[in-house]
Structures are given as structure tokens and as C-alpha cells.
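Asker: Single-letter residue listing:
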Amino acid sequence: MSGSLAGAAVPSPAAGTPALPGFPRPRARRRELGLLLAVAAAIAVGSLSLGLQRTGRPEPADPAALALFVGGLLVVHLALVASGRRVDEVLLPAVALLAGIGLLLMERLPQDLVVQRIGPWTLGLGELQLLWLGLAAVVATTTAVLLRSDRWLRLYKYTWAAAGLGLLALTFVFGSDVNGSRLTLQLGPIAGQPSELLKVILVVFFAAYLAENRVLLADARVRVLGPISVPPLPYLAPIGAMLAIALGIVVVQRDLGAALLFYAVFLGLLYLATGRRTDVVLGLLLFVAGFALLAALFPHVQQRIATWLDPWNDPLGDGYQLVQALHAFARGGLLGTGLGAGLPEIAGRPPVPAVHTDFPLAAIGEELGMTGVVAVLAAYLLVVGRGLRIAASSRDDFRALLAAGLALVVGVQAAVIAGGTLELIPLTGITLPFVSYGGSSLLANALVVGILLALSDAGPEPPPPPRPHRASIPRPGRRPETVP
Amino acid sequence: MDAGLNLVLWGIRLAFLGLLWLALGLMARALLRDVRTAARAPAAALGRLIVVASGGQPAPGTVYALDAITTLGRDLGSSVVLDDPYASQHHAVLTFRGRAWYVEDLESTNGTWVNGARVAAVAALGFGDEVQIGEVRLRLERGRP
Numbered sequence: 001m002s003g004s005l006a007g008a009a010v011p012s013p014a015a016g017t018p019a020l021p022g023f024p025r026p027r028a029r030r031r032e033l034g035l036l037l038a039v040a041a042a043i044a045v046g047s048l049s050l051g052l053q054r055t056g057r058p059e060p061a062d063p064a065a066l067a068l069f070v071g072g073l074l075v076v077h078l079a080l081v082a083s084g085r086r087v088d089e090v091l092l093p094a095v096a097l098l099a100g101i102g103l104l105l106m107e108r109l110p111q112d113l114v115v116q117r118i119g120p121w122t123l124g125l126g127e128l129q130l131l132w133l134g135l136a137a138v139v140a141t142t143t144a145v146l147l148r149s150d151r152w153l154r155l156y157k158y159t160w161a162a163a164g165l166g167l168l169a170l171t172f173v174f175g176s177d178v179n180g181s182r183l184t185l186q187l188g189p190i191a192g193q194p195s196e197l198l199k200v201i202l203v204v205f206f207a208a209y210l211a212e213n214r215v216l217l218a219d220a221r222v223r224v225l226g227p228i229s230v231p232p233l234p235y236l237a238p239i240g241a242m243l244a245i246a247l248g249i250v251v252v253q254r255d256l257g258a259a260l261l262f263y264a265v266f267l268g269l270l271y272l273a274t275g276r277r278t279d280v281v282l283g284l285l286l287f288v289a290g291f292a293l294l295a296a297l298f299p300h301v302q303q304r305i306a307t308w309l310d311p312w313n314d315p316l317g318d319g320y321q322l323v324q325a326l327h328a329f330a331r332g333g334l335l336g337t338g339l340g341a342g343l344p345e346i347a348g349r350p351p352v353p354a355v356h357t358d359f360p361l362a363a364i365g366e367e368l369g370m371t372g373v374v375a376v377l378a379a380y381l382l383v384v385g386r387g388l389r390i391a392a393s394s395r396d397d398f399r400a401l402l403a404a405g406l407a408l409v410v411g412v413q414a415a416v417i418a419g420g421t422l423e424l425i426p427l428t429g430i431t432l433p434f435v436s437y438g439g440s441s442l443l444a445n446a447l448v449v450g451i452l453l454a455l456s457d458a459g460p461e462p463p464p465p466p467r468p469h470r471a472s473i474p475r476p477g478r479r480p481e482t483v484p
Numbered sequence: 001m002d003a004g005l006n007l008v009l010w011g012i013r014l015a016f017l018g019l020l021w022l023a024l025g026l027m028a029r030a031l032l033r034d035v036r037t038a039a040r041a042p043a044a045a046l047g048r049l050i051v052v053a054s055g056g057q058p059a060p061g062t063v064y065a066l067d068a069i070t071t072l073g074r075d076l077g078s079s080v081v082l083d084d085p086y087a088s089q090h091h092a093v094l095t096f097r098g099r100a101w102y103v104e105d106l107e108s109t110n111g112t113w114v115n116g117a118r119v120a121a122v123a124a125l126g127f128g129d130e131v132q133i134g135e136v137r138l139r140l141e142r143g144r145p
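One line per chain: the protein sequences are E and F, in this order.
Each residue of the first sequence is one higher than the last, beginning at 1 in the working numbering.
Each residue of the second sequence is one higher than the last, beginning at 1 in the working numbering.
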């Protein structure tokens, strides 16, 4: 469909200059189609398992939702085929697998966890998740197909940084408190979590800043103490500012997860850009020192750490969610209880209150067992691996750092919340990318996938080899007689 | 719930987990294949373009890794942006066809020169040849450093 439109815009080759951009001819993506079909088959069987558990009849839990999900995947696939761009073919199926598991989970959980009225319809959890997934697919596809130049991302890096800080300030001033964290911004009828968008904006800024100052940061060093050297002060300032922002988020928004995510991604990118391990170690030490200071000053940080060290100290209060999550993992065992066969709700509520946003991994652990949890983690690994591969084959530093940063955002976020749910690190309220319920999270992560796909564009295909040589083209080695 | 249904239920549950892992395995295989292909590829790029001399930007010594189609010109959308007063917006294009590089002059005002000779329309390039556009002189080299 876009072929005919763009084709009309290209001037005819008869003008003398060859039309280099060319027609966006549809390009088959067989590998992606095959992988998407495998994912669709897995999700269909999962839906069947849920339906059979619920009704005792062999039918999918929600045939319409299943059909819409699989249809949506095919539409995205066809849009990418029609665009003719040579973009990555594995990223989309890996993300679709995670989204499918998330959708099954939202269909399985009690539908009245989240209810919204849109016009005449009243939508429950599963339907809302499907709606957000649809919008996310639109965002990802549009970005992947239309994002061709990275110049506007790279040139306005300080504008992006300012916009991100503005978002943060807006949330602080106008945001509303949920569970003690000031995360949600209400703009008219639309409520959203700006820190989800902020992570994309900050990665763009980091990538542009580090790509521009890479050589300076790596080579112009000022010795401080023995083997420890730091970049000159003017180039150090933004790094210090970043640390201040991360700790500021903890203080102002009481959002440990976002702070950890931003800082970890920043250190990862710094290492990728300069290749200096001492910088990373120094950054980690600074972070630990800052964190210790915060823990000494603020009670909510102390409380999180105390809960992490011993959730059974207060199993009905602070440690309640974590204890329930750990029990859910224990009930699941190796193969899980099966979709829909987990512990029934206690008084109509699931035992873990935030199971659809922060604790989906606990529900997966209970109903799909360790096999399912490791499958989900493996899918994240595939997404990150693919992102780093895109970074490695990028044509310049900015694109490489941007791709690596976006992949790291997804990976670190998944690691932070998975580690928190499994009690490896202090629990922080943050979503499991692509799986958790939530419009902001799904749309921001869709944007990440869209940009990654656009960055993976391998460019126009190499032209076919020429016909055996023509007399009109001088061959190398034979020099013309006339010299100007 | 009777035993038969339970058995079917467990079968479907295990099939779900199995299919999940099958899909993941297929994706992992695709990744492995890509890595192997990349490792087997003879050179990282088809060629490199080295700036030998210029009036300013791009600075001499700059190295560009070349795609199969590389555009040169003053236009900021070009693969190699030439900030030179004698360069046209869309000045020339380097293409790799089959086994050889070709430079094509896109009807530029001041022309494209290969080893001191003006290019009529298209000229084949060998590795080591010098292309001159305005004051910028570029040398084509092999992809592998």
C-alpha cells in the first residue's frame, strides 16, 4: 500500500539522475512469518489450556481475543513486508511471545482488577490489555516503517534531555501518589506514567552525548590518585548530573526502580562507549555511597531494604506481597499448576494485589512453573541479544549506542523486577516489559521495539552484478590520455 | 474432575510449555545462524573510503565504511557529507556491483575526478584509486584494515 504512494513521489528516472531511493517494493520476510506462526501456535495452545481448565470443554478461553492477537501479529508482519525495509526478523516474534503470555495472564486474572468505561463499553483487564497491545502494535509498526533518519534524534539531544527533566518536574508538581510513589500524571482524561517515556528519552540523550564525546571521555584523562583517572571536569559534569537525577527520582518520586534502571543503563552505555572498567567501578561505588546516604536519611528506603532482608519479619504488612509471591513460586514447582489452576482468590482478590503490574512473574511462576519463568527470561535474553547484535552492526557510534541502550533498558528493567520478585535484590515497583498490564509501559516499550527495528534497517539491497563489461565503461588500470 | 479430562489437561499444559520452548529454540537458532554468517563474512565492509586531503570537513584521515550504495555530496542526507564549496548537493554515488566498485557522477557542476581524469558518467574504481570532488580527495581501500 505504501509502495504506490511513495512510488508516485519519486521523480522519474528519465530526468537523468538515477532514482536512488527507489520504490519500497514489498519484501518477503519468511523467517519472521515462521517464527510468528510458532508463537501464535504456542499462545493458541495456552489459551486452550486456560479454556479447558475453566469450562471443561476443549475451547480457547477467549476465542475473539485470541483471533485478534494472532490477526494483529499478521497485520504487523504484512505492514513490515509492504514497507520493503530490511529490518530485523527475530525481534518481533520474541516480543510477541512475551506479549502473548502477558495477554493470557491478564485473561486469567480476575477481570475486575482494572475496569474502565470507554463510551458504551465496559472493559475488563483482559480486554484493556488487548486494546493496549493493539495500540502498542500500531506505535511499533509506525516507528519501524516511518523512522528513516536519526538526525532529529541526534541533533536535539539537549532538547530531549530538557523535555525529560520537564516531564519529571511535571510529575512531581502535578502527579498523584499511588502506593507512596509519585508516578502517575493525569492530563485531562489520560493518565500515564511519564517515567516509562522518560527512559526512552534519556537513552536517546545518553547515546547522543556519549557518541559525541566518546573519544574525549576515553582518552583525555586527568589523574587523581594512582591508577584512578577521570575525564576532565567539563565532561564529567553530565555524568554527575545523571547521578543526581537518579538519586533525585528516589527522593522526589520515591521510585527506586526507575532510578536503578536509569543508572544501570547509563553505566552500561558508558562502558560501551569508553571501554573503561574503572569508570564503571567508580560509578557503582558512587551509587552505593549515594544509596547508603539515602537509606540513612529516608525511612522508605530503609523499609524496602529491611523487607528484602527478611520479608517474614512482617508477613502481613510490609512483607505481604513478597511472601505471597515466594509462596506462589513454591506452589508452581517445576511445571506449574497449569493456567487458571493456581491458588483461588482470597475473598475475590488474588493473593498478590499488584499481580497484574509488578508481580506477573509470580503468577507465571505459579501456573507455568520454573519452566515458564525461565522461558520468559530466555525471551528477554533473546530481545537483548538481538538488540546488541543490531548495535554491533550499526553504521556509526550514535546508532550503535542507541540500539544497545534501548536493548539494555528492556533487559535491565526485566532483571530489576524479576530479581525483586524473586527476592534477589530489594523489590522496586516497576513493570515487567511487554507482559505487565499498563498502557504507559506497553506503549513506551513498543516505541523501544519500533526504534530498534528502524535502526536494524540494513539499507537497500546490493544491486545485482553487472552484465559482462561494456565498452563504454573504462576499466581500472587503463588511464585516459588527457590530464587536466 | 474425572481422570480422563485431567490427563488431557496435563497434556495440553505440557504442550503449551513445549511449544513455548520450541518457539524460543527456533528464535535462538535464527540468532545463531546470523552470528555464524557474520563470522564467515570475508570482510566487515565492502570497502573503505579514506579522506586524503580536504579544505576542512571531512577532516583528512577520516575513514568511512562503505555500503553497497554510498552517496556523496553536500546534502546532509548523503552517506558521505562533503562540506566543500565546489561539491554539488548530490554529487556522486559509489556502487559495488558484483566484484567491482563504480563511481557515477550525478551531473555535478564541477565534476568528479578519478586519478586526475574527469568522469564522463560512470567509471570503474580499483582499490587504491583516488576520487576527487572539489578540494576533497578520497582514496578507496579494501574493507579489511
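No lab work stands behind these hints, which were simulated from the structure alone.
Bear in mind that the values here come from a model prediction, so they are computed numbers and not experimental data.
Ideal Cβ placement from N, Cα and C applies to all residues, glycine included.
One thing to keep in mind: the hints can contain errors.
[To be verified] The following label-pair restraints were derived from C-beta to C-beta distances:
id, chain 1, residue 1, chain 2, residue 2, range
1, F, GLU130, E, VAL251, 41 to 47 angstroms
2, E, ALA241, F, ASN110, 45 to 51 angstroms
3, E, PRO120, F, TRP10, 40 to 46 angstroms
4, F, ALA39, E, ARG25, 27 to 33 angstroms
5, E, TRP152, F, PRO60, 56 to 62 angstroms
6, F, ARG29, E, ALA241, 42 to 48 angstroms
[Claimed, not checked] Output of the computed footprint for chain E on chain F, the stretches with three or more beta carbons under 8 angstroms from beta carbons of chain E:
id, stretch
7, 7-15
8, 27-34
9, 80-87
10, 135-141
Asker: Now, for every hint given, state plainly whether the structure supports it.
Answerer: Results of checking the hints against the structure:
1. F:GLU130 / E:VAL251: 41 to 47 angstroms: This hint is violated: roughly 60 angstroms between Cβ atoms.
2. E:ALA241 / F:ASN110: 45 to 51 angstroms: Hint holds: Cβ distance 47 angstroms, inside 45 to 51 angstroms.
3. E:PRO120 / F:TRP10: 40 to 46 angstroms: 41 angstroms, holds
4. F:ALA39 / E:ARG25: 27 to 33 angstroms: 30 angstroms, holds
5. E:TRP152 / F:PRO60: 56 to 62 angstroms: Given range 56 to 62 angstroms: violated, Cβ gap about 29 angstroms.
6. F:ARG29 / E:ALA241: 42 to 48 angstroms: 44 angstroms, holds
7. 7-15: Holds: 7 residues of the stretch 7-15 of chain F have a Cβ under 8 angstroms from chain E.
8. 27-34: Satisfied; 5 residues make the cut.
9. 80-87: violated (count 0)
10. 135-141: violated (count 0)
Figure legend: structure checked against the earlier numbered hints; hints not met, in rising order: 1, 5, 9, 10.
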